[in-house]
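Can you make the complete structure from the sequences, with help from the hints?
Sequences listed follow chains A and B, in order.
The first sequence begins at 550 in our numbering and counts up one residue at a time.
The second sequence begins at 550 in our numbering and counts up one residue at a time.
Think of the hints as simulated: they come from the structure by calculation, not from any bench.
The beta-carbon is built from N, C-alpha and C at its ideal position, and this holds for glycine as well.
The calculated label-pair distances, taken between Cβ atoms and stated as ranges, are:
{"#": "1", "chain 1": "B", "residue 1": "719", "chain 2": "A", "residue 2": "879", "range": "44 to 50 Å"}
{"#": "2", "chain 1": "B", "residue 1": "607", "chain 2": "A", "residue 2": "852", "range": "35 to 41 Å"}
{"#": "3", "chain 1": "B", "residue 1": "1067", "chain 2": "A", "residue 2": "1078", "range": "31 to 37 Å"}
{"#": "4", "chain 1": "B", "residue 1": "979", "chain 2": "A", "residue 2": "734", "range": "40 to 46 Å"}
{"#": "5", "chain 1": "A", "residue 1": "853", "chain 2": "B", "residue 2": "868", "range": "53 to 59 Å"}
{"#": "6", "chain 1": "B", "residue 1": "882", "chain 2": "A", "residue 2": "734", "range": "54 to 60 Å"}
Protein chains: 2
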Amino acid sequence: MINKPIFKKSLEMRRSLEQNILKFCPLGGFEEVGRNCVFFEYQDEIIVVDAGIQFPEEETPGIDFIIPNTTYLEPKKRDVKALILTHGHYDHIHALPYIIEKIGNPIIYAAPLTKALVEKRFEEFPNLPKLKFQIVRNGDKLRLSEYFTAEFFDIGHNIPDGLGFILDTPVGKMVHFGDFRVNRDIKGNPIGENTFRRLNEMGIHSVFLDSTNADIEGASKSEETVIKELEILFKKAEGRIVVTTFASLLDRLATIIEISEKLGRKVAINGRSMKDNIQIMKNLGYLKVKKGQIVNVEELHGIKDDKIMILTTGGQGEPNAGLTKIANGEHKHIRFKPTDTVIFSSSVVPGNERSVQTLQDNIARQVNEVYNSKFLDIHASGHAPKEDLKLVLELVKPKFVVPANAYYFKRKACAKIAREAGMPAENAILMDNGQFADISKTGFKVTSQSTPTDYVMVDGLGVGDVQEVVLRDRRMLAQEGMVVVIATISRENGRFIKNPDIISRGFIYLKENKELLDAIRTKLKHILGRLPRHQHPEADYIKTLVRDQIGQLLYTKTKRRPMVLPVIIEV
Amino acid sequence: MINKPIFKKSLEMRRSLEQNILKFCPLGGFEEVGRNCVFFEYQDEIIVVDAGIQFPEEETPGIDFIIPNTTYLEPKKRDVKALILTHGHYDHIHALPYIIEKIGNPIIYAAPLTKALVEKRFEEFPNLPKLKFQIVRNGDKLRLSEYFTAEFFDIGHNIPDGLGFILDTPVGKMVHFGDFRVNRDIKGNPIGENTFRRLNEMGIHSVFLDSTNADIEGASKSEETVIKELEILFKKAEGRIVVTTFASLLDRLATIIEISEKLGRKVAINGRSMKDNIQIMKNLGYLKVKKGQIVNVEELHGIKDDKIMILTTGGQGEPNAGLTKIANGEHKHIRFKPTDTVIFSSSVVPGNERSVQTLQDNIARQVNEVYNSKFLDIHASGHAPKEDLKLVLELVKPKFVVPANAYYFKRKACAKIAREAGMPAENAILMDNGQFADISKTGFKVTSQSTPTDYVMVDGLGVGDVQEVVLRDRRMLAQEGMVVVIATISRENGRFIKNPDIISRGFIYLKENKELLDAIRTKLKHILGRLPRHQHPEADYIKTLVRDQIGQLLYTKTKRRPMVLPVIIEV
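Following this line, the structure appears as C-alpha cells:
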C-alpha cells in the first residue's frame, strides 16, 4: 500500500506534464516546394493542415506526382479531428483523394473556393466516401475539438480565398499563414497591417511562415502595378492577344478577363482546367462578367481581331496543352496570325526552360510579338519576399517562428530574417520533414521523435508501388539504355542450342554494328562454354558473371555502360 | 563558230555574277545556345568561324555533347583556308578534335589564351594531326587567302583574349563580334567606343551580332561593380571563404584571386579544370600573383581560417565535382566548418536547378552563410544586353545585321533592336542553321540553298552513332521502364517448353506483384497457343501481336505503358 500512491502520483505528474505538450510535425513541404502537410497533436487529438502533391523532378522520372507519407497518422486516424485547407492550390489539396480515408475522413475546414476546387478534384474519384465540409471565412472562429479552436483570417496570395488561421491550443496560440504575401497598394504600402497588429495584441506563441521567397530581396509588388503593365501591353497590340498563364493562378485569370472587358475585347478560353476554374469562380460570384463577354473559341471567326483576347493553358510547353496545339497548327479552331501578340504571364517551372524556349521560338516565327516575364514583370509572386516577412514578424512579435513550406536553404534565410526582426536566434525553429517538436507554454523544442517521410509516389493506378530501385533503373536506362543477352543452352551437354539473341534499346543502334554484336556473342559463348558442368547456368552467380563481363566488353568498345540483362534458358 | 563566243560570254557573265556573291551559312548556334560554327564561302575559298559543342538537354538523355554537322564542308575540305576562333569557351572550341580533320586541318587563327585552351583540349586526343596555329592579337591584319583578309580587335567577354574581327571580302567588310558585351566603367559609361566609331568610318557591310541577351533590358554591368560587391561579401566573412564558379569564367577566377590577395587570404584551388585554367593564365602572364599566394589544399590546415579562400568547381551540383565532394564529406582534405562562408558566383544552368538547390541545402546545414546570385548580383553576364546592342548598331551603322549565337526568339529580339537603332526591318537577317545567304555588294539575301544540320552526337567513344531512335527509346525507358517477355516454344508442337520468363526494369517491382506476373504469363500462352501451326512464331507479325496485347494488359492493370520487348525462342 505504501508504494501505490507514490506511483499514482508520479503517473499523474507525468500525465500532467504530457498534457502540457503540444506536438508539431511536418509530413511534407519542409524539404521541397510541394506536398505540404503538417499536423498538431495534443493528447488524443490531431489537427492536420493541407494535403498537397509535389510534382515529379529529375530524380523521379515518369512519376505522376508525390504525396505526403501518412504512416504516422494511419493507426491514429480516429484521433484526427479536423483537416484545415489553407487554399486551393495543387500543392495544398491535390493529395486529398489518396489520403482522406487513411486519416479517417475528418471534417474539412475550407473557404468556399477551396471547397469547390476539392469537389472538382474528387469528380475523378467517384468511389471515395462523401467529404464532410465545414465552410469557413474571414473572421470565423470555431471549436475543432476539445482542445483546439481555430479562428480564420484572410491572407493575400494569388488565388482567392486564401486563409491563415490562429490555432488556439492548451499551450498557446499558433498562427499558420498558409501561402501568403503582403498585399500592397500602388505606392507599395502594405494593406491589412491591422490583422498583424491584432495578432500581436492576442499574444502569439508561434508562427508558421511561408519561406518560399525568403531568399528574395525586397517587398511584394502591388497587383495594381501588374495590372498597369498588362494594360500597356494590351493597348500596344493591334491584332489578337493571346495570354497564357497557370490555370491555378485564379487571381491572374480574373485580372486578365477584367482588363479585356475594360478594353472591349471578348474573351475565349482554351484549355479544360482553365475553363473549369473560371466557371467555378463565376459560380461563386468571384468573377463578374457581362453576358456575352466570354465566348467559345468556335465563335472567334465572327469577331474582329482587335476585339479578341484568348486565354490559354500550355505556357510551360506541355505537349498536349492549348498553346502548344495552336503553335503546332493542331488546334481545331485557332491558328496564329502574323498580327497576333502573345504574352507569357507565368514564370517558367524549373526543368521546363528548354521546352518553353522551343515553344516561344515556334510562336515568335508566326506572330508579331511575344512577351515573356523577362520583358516586363507581368508575374508577381504569391509568396512574401524578405521585406514582407520581416514586416510580419515585427508586427506580430511571436515568441517562436517556424520557417515553413520550402527547402532548408530558404527556411534558413527566413530564420535570418527573424534575427533581423529582433528575435533571438534560438527561437527560429528549423526542422525537417518527419521531425517532431514538443511545444510547451514557454518552449519549442525539436525532439528525437520522428516518423517516415519517404516519398509516396503516384504512377498510373499505383500509389506507393514505385520504389527507389525502379527510379534508379529508369535514370540509368535514360542515360545509357540497355542490352538483353539471351543464351539458350542444352541441359544435356551445356552447348548453345542457337546463336545468342541480343536486344538493345537506348544504347547504340546494334543492327548497324554487326562487329559489336559478334563480339558480344563470342564473349557470351566464351563465358558459358568454360563453366564446369556441375554449375547451374541459370544461377545468379553465372548471371552476375555474364553481366560484368559483357558490361566490361561494351565499356571497352564504346565507353558506355548500358544496363546488361542476361537471360539464360536451359532446355 | 557563231554560237561559241556567245556561250563563252554568257559563261563569263555567269562567272562574274557568281564571283560577286559571298555565301554565308551557320552550321550551328542559330537555333540553340552552343555548337557555334559558321562559314563564309567565296568561289573556292571557305573561312570557318568557331567549332563549339552544345551540352545535352532533356531531349538528348545520356549524350555527352553535340557537335556541328560538317556534311557540307567535308567534300570541300581543300577549300577551307582558315578557321578563326573568337575565344576559348567550350561552345566555341570544344568540337575541334572531332571536326578538324573533316575540314582539312586548316590554319587556326586564335589569340594566345584561346590557342593554349585548344592545346589543353587536344592533350586528350594524342592521335590527331598536329594543329597549325597563327597567333593573332588586337590590331593584327592578315591575309587569310586570295579573297579574304581579316583584322582582329579586342572585345569584352568573361574570358580574356576574346576577339572580334573584320573580314574583308570582295563584296564588302563583314564584322563578327564573337561573344561579347560592352565593357563599362564604374559609372556605367561604355569603354572602347572608338573601336565601334572606327568601324563606322571603314564602312561595314554586315555585322554578325551575339544575341544571347538581346531579350534582357538594360546595359552591361561594370566588372568593377561586381568586384565591389564581392569585396563586401569577403569582408563580412569571419571564417574561411569558399567560392564556386565555372572553370571557364577565367576573368572571374582572376578577379576572385586578386581580391583574396588584396584582403590577405591565401588561395587554394579545388578541381582539375580550374587548376588547369589558372595555370594557363599564369603561364601566359595573364594572372600575376605573389609567390606563395596560391597554396595546395593539403597545406590549408596550417593557415588560420580568416586567411583562407578556397576556389572550387562543382557549383552546378555535378556529382563528382569539388564542391559536392566537400559537401558530402568525401573530400580528402576539406571539410565544411560552421564558420565558413560559401559563395555561388555563377548562374544556374537550366536543368540543374534541383541539384543546385539540394547542394545549397546540404551546405547551408553545415556552414554559417551561403550566398547565391539571387542575393547579390555577383554574376555579370558576358553577353551584351539590349542597350549594349543598340549602342553598337548606332555607332557602327552597318548596312545589314545578322543576329547570331542564340535561339530564334532572342535573335528576333535583336532584329527589333536593330529597328530601334534606325535600321530598315528588312536589313536584319533572321536565318536558321543550315540556311545559306547570298551576299552581294549591296544585298544580303537568304536563298533556298541549305545543308543538313541534324545533331551529331558524341556519346562515349561514338561520334554520330546515337540516333533519334535511340534517344526516343531512352526517353520512353526513363518515363515508363520496360518489360521483356520470353517465350520458349517447341518447334515440334508449338507448346511452351518452360514457363515464360519475364524481366522488368523501371516499371513496377514485379517480384512483389505476383498477380500481374501470372496475368502476363497467361496472356502470353493465350496469344501464342492460338496461333495456326503454319505461322512462324518468331515472325515480326507475332511479335507485334505480343507487344500490343501485353502492352494493353499492362495499361489496363496499371495505367502505365512500359516498353514491351517480346522474345520468342523456338527450340
